[in-house]
Amino acid sequence: MATYKAKSIVLKSYRLGESDKIIRLLSMEHGIISAVAKGACNFKSRFSGRLELFNIIDCEISTGRNLDVISQAEIIEVFRGISSDFFKFNISQIISEITLKTQSEGAPSTNIFRLLYVALREINKCCPDANITLKKILVFFLAKFLKIMGYVPLFDSCSICGRNIFAQETVPDQKGFMFSIKYGGAICHECRKNVEGLLFIDKTCAEILISLFSAKIENIISSNVTEKNTDNLLNILENYFIHHMDIRIDSFDYLKKIEKIQLY
Amino acid sequence: MTAQIKSIENLINEFRKLPGIGPKSARRIVFYLLKQSEKDISEFADALVDMKLKVKFCKNCYNLSEEDECLVCKDGSRSIDIICIVEKASDVLVIEGAGEYKGLYHVLGGLLSPIENIGPDELKIPQLLARINKLNTAEVIIAVNPTVEGDSTATYLNKILKSSGVKVTKLASGLPVGGDIEYADQVTIGRAISGRREM
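Sequence order for the protein chains is A and B. First residue of the first sequence? That's 1 in this note's numbering, and the numbers climb one at a time after it. First residue of the second sequence? That's 1001 in this note's numbering, and the numbers climb one at a time after it.
FYI, nobody ran anything at the bench for these hints, they're computed from the structure. Being a predicted model, the structure only gives us computed values, none of them experimental. We put the beta carbon where it would ideally sit given N, CA and C, even for glycine. You may find that some hints are simply not true.
Pairs of lysine to any residue, SDA-like flavour, derived with a Cα cap of 25 angstroms [to be verified]:
1. B:K1170 / A:R15
2. A:K125 / B:N1158
3. A:K7 / B:E1182
4. A:K38 / B:K1159
5. A:K12 / B:A1098
6. A:K44 / B:A1098
7. A:K256 / B:N1158
8. B:K1167 / B:Q1186
9. A:K175 / A:R192
10. A:K7 / B:Q1186
11. A:K216 / A:L154
12. B:K1159 / A:N131
13. B:K1162 / A:I132
14. B:K1170 / A:P128
15. A:K44 / B:T1147
16. B:K1170 / A:N124
17. B:K1170 / A:F43
Which chain B residues stay away from chain A? Per the calculated CB distances, all over 12 angstroms, these [said to hold, decoys possible]:
18. Q1004
19. F1015
20. I1082
21. I1118
22. A1130
23. L1157
24. K1159
25. Y1183
26. S1194
Just chain B, same shape as in the assembly (with noise of 0.2 angstroms):
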């Protein structure tokens, strides 16, 4: 009977574009907003036309932002000598999370890729270098995934990184807290133990 109703199929098709969700998770996100009060459903309509309308990119480091600069950027308190590098801005909220790091970010927006077609000038990385030179960077830390990928891009930015002086560092991989060495793979065991400290 839905498929008359033209407003409701609608909702069900934007819906589908969404990463994840499918037409049975479409259908039933639908029909439960159907049943919230019209407050509900128009606050809700808001949010998201407030946050298209709202967030860009920070003009520094191109973290998301409401403003030309974002929140670190903004925030006098933290080191400048120190930028940790990302792949994408939803990874700089995972750290911040962690509580541990007071340095500045800079968002790559994605990993350097062959396949996909994806070179130094179309990530961040030509601002990444106008930055460290701009702010005279002591440090910088690679925060990429721990993938083939992550790796190459990695591999990449500390060659150009290193000719400039800068310090590079990269996080640490092996277990995860928490995690069994009985379960543990070969790569992530080795890594664990090339990249063992003293206590």
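With the rest of the complex left out, here is chain A (with noise of 0.2 angstroms):
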């Protein structure tokens, strides 16, 4: 049976039968990996809390029929923080269903890798009931990870006729500008009056929106960005990446829903 190496980050865990797992990994060469870890939920299991969710592991993997099979597993690092609030918890979920849903096996993601472990160490990181420095993190991720797809939106000129935004309009001296999800970016004065569904951005937000596709984690986080502000963005980007990448993410509504009970 060939075995592989690969640094992964465990993403999702399912029980299978008696004391078998499915664990679903995402590693730089090989992409997603599912794979089954015999006996993990037996406690003298040779894997017991190596292969917990959020763990960034060194594993090796030995090809089967139809799953393959973890033969061994050593952690690299662990996130222990992020079980110790829900709200981080909540986050890591958004970020995990994201990357599981738009990822596909065997094609390698360096990038999304990389994006993955900032993300989830800054979320490791984070005081308890810091929720703004948590959606901060989102809306970093988002943007990242929308850029490491291909998807950022058109903010220099319009994204319909093409003409450029700022010899014509107020971005970003004045008041803001208009935004259209359905065409990927900013909308001119003439163009915006045949377009639906425009969302007017103002300064502020227009401001850290255009920087945030450029910006360093540590700048997001050290930003002083409002609650208000940060919600927008999360909000504006969350609807972008769900039209563009045309998948529908549980945790999102989750989060609503869950914000809606103040449950934290």
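Given two chains presented individually in distinct reference frames, assemble the corresponding complex, making use of the accompanying hints.
Following this line, the structure appears as structure tokens:
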């Protein structure tokens, strides 16, 4: 049986039969890996805490007829802080669901792996109840994820006619600009008359949104973006992401449901 | 040939629906049952139907029971000051099997999970809070699996229960009895050290 090694992040695990688990991992070289960890539910299993969610592991995997089998796993890094706060867990689950639903098996995912690692590391570092910081990390993740996948919105020219927005519009000196999720960016004064579902992005949000795709995580976290603006940005990026990636992320709905009943 | 015998094929398909049973195992079970006496088969079928018709959830703790209240809730000798919160009814059997615990239980029916869309209302958390108020409970033991999902649920429960003034404890986690330190992972060792106790 052929074996291969993979540095991976544990994204999901399911129970399989009496005591086995199916583990879904994101690795740099092989993208998403679904593999069986035999006996992983037993207390004396050699895997025990090694295959817990969000652990960074180095594992050896044997290729099987149907599913691959994890034969060894060693922990590289553990994010213990994630389970210490339910909001942190929720944000990590959104990130994990996005990765699982967009990445494929067998295709290298080096950039997504690095992004996921940075996002989980920052979530882990956050103080408990630092909900705004956690939302900023999610905003950062969504923006960078869209950039890696090639879906960066168009800000400097109109998404319909291609005319230079800065030459005729008010960005970012005066009020803001109109943004279309469907057309994937800013819409000029002329084209906006024929487009439905436009969002007005005010000057403050516009400046943050434009810089977001090239900003570093430290700058996003330390920025003094208000909670209202963070929520606005999150809302725009979430809708943009769902429209263009054409997938449903259940954990986003969960976040809203939980916030409504004031779980945190 | 079995493909032509509809009753056998039906039963094989029914067994295949069970967790961990594939087509070969299902066929093996069916051929084993064919060799059994009519009396044994009818007892087996009666046991299945009987279980489905009689077993329901306890109205207090959501443990499995044949009556409105489960055997634990009906047992007057048990301490009502302490409630052990478990994820599923089968966990009650395991803890009862240890014979160390003499309090009440509360079965949540799952763990909080954003991916599975399971929130507090989908679990028996509101019922737990009402029960704690009603019984004036002194201590709650959170006995969920020591996984990320389990720990997150425990963190949430701790947050809402602490505000009601009840003492909240969690099962110890660390090295298993008979285990070997040499083969333990960093997480388990870390927990064993942070949860160490004076002898």
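Hints, one by one, checked against the model:
1. As the CA atoms of B:K1170 and A:R15 are separated by approximately 24 angstroms, the hinted pair is consistent with the 25 angstroms bound.
2. Simply put, A:K125 and B:N1158 have alpha-carbon atoms about 21 angstroms apart, close enough for the 25 angstroms limit, and the pair holds.
3. Between the alpha carbons of A:K7 and B:E1182 the distance comes to roughly 23 angstroms, so the proposed pair stays at or under 25 angstroms and holds.
4. Straight-line distance between C-alpha atoms of A:K38 and B:K1159 comes to about 35 angstroms, which puts the hinted pair past the 25 angstroms bound.
5. For the given pair, A:K12 sits about 31 angstroms from B:A1098 by alpha-carbon distance, which is inconsistent with the 25 angstroms threshold.
6. Our distance criterion of 25 angstroms between C-alpha atoms is met by A:K44 and B:A1098, whose separation comes to about 18 angstroms.
7. About 22 angstroms separates the Cα atoms of A:K256 and B:N1158, which keeps this hinted pair within 25 angstroms; it holds.
8. At most 25 angstroms may separate the alpha-carbon atoms for a hinted pair to count; B:K1167 and B:Q1186 exceed this at roughly 29 angstroms.
9. Between A:K175 and A:R192 the CA atoms are separated by roughly 16 angstroms; this keeps the pair inside 25 angstroms, and the hint holds.
10. Straight-line distance between C-alpha atoms of A:K7 and B:Q1186 comes to about 17 angstroms, which keeps the hinted pair within the 25 angstroms bound.
11. Note on A:K216 and A:L154: the hinted pairing holds, with a Cα-Cα distance of about 20 angstroms set against a maximum of 25 angstroms.
12. Annotation: proposed proximity of B:K1159 to A:N131 holds, straight-line Cα distance about 15 angstroms (limit 25 angstroms).
13. With a CA separation close to 24 angstroms, the supplied pair B:K1162 and A:I132 stays within the 25 angstroms bound.
14. Of the pairs offered as hints, the one joining B:K1170 and A:P128 holds, with about 19 angstroms between alpha carbons and a cut-off of 25 angstroms not exceeded.
15. Distance hint between A:K44 and B:T1147 is fulfilled; the C-alpha atoms sit about 15 angstroms from each other, no more than 25 angstroms.
16. Note on B:K1170 and A:N124: the hinted pairing holds, with a Cα-Cα distance of about 22 angstroms set against a maximum of 25 angstroms.
17. Restraint check for B:K1170 and A:F43: the C-alpha separation of about 18 angstroms stays at or below 25 angstroms, so the hint holds.
18. For B:Q1004, the shortest C-beta to C-beta distance to chain A comes to about 29 angstroms, beyond the 12 angstroms cut-off, and the non-interface label holds.
19. A cut-off of 12 angstroms between C-beta atoms confirms that B:F1015 is not in contact with chain A; the least separation is 15 angstroms.
20. No beta-carbon of chain A is positioned within 12 angstroms of the beta-carbon of B:I1082; the least distance is around 24 angstroms.
21. With a cut of 12 angstroms on Cβ distances, B:I1118 falls inside the contact zone with chain A, its closest approach being about 8 angstroms.
22. Even its closest Cβ contact with chain A, about 16 angstroms, leaves B:A1130 beyond 12 angstroms, as expected for a residue assigned away from the interface.
23. Under the 12 angstroms C-beta cut-off, the non-interface status given to B:L1157 relative to chain A is violated; the minimum distance is some 10 angstroms.
24. Against the 12 angstroms criterion, B:K1159 falls within the reach of chain A, whose nearest CB is about 8 angstroms from its own CB.
25. Its closest Cβ contact with chain A, about 6 angstroms, brings B:Y1183 to no more than 12 angstroms, contrary to its assignment away from the interface.
26. Distance to chain A contradicts B:S1194 as a non-interface residue, since its nearest Cβ pair spans about 10 angstroms, not more than 12 angstroms.
Going through the hint list in order, the structure does not satisfy hints 4, 5, 8, 21, 23, 24, 25 and 26.
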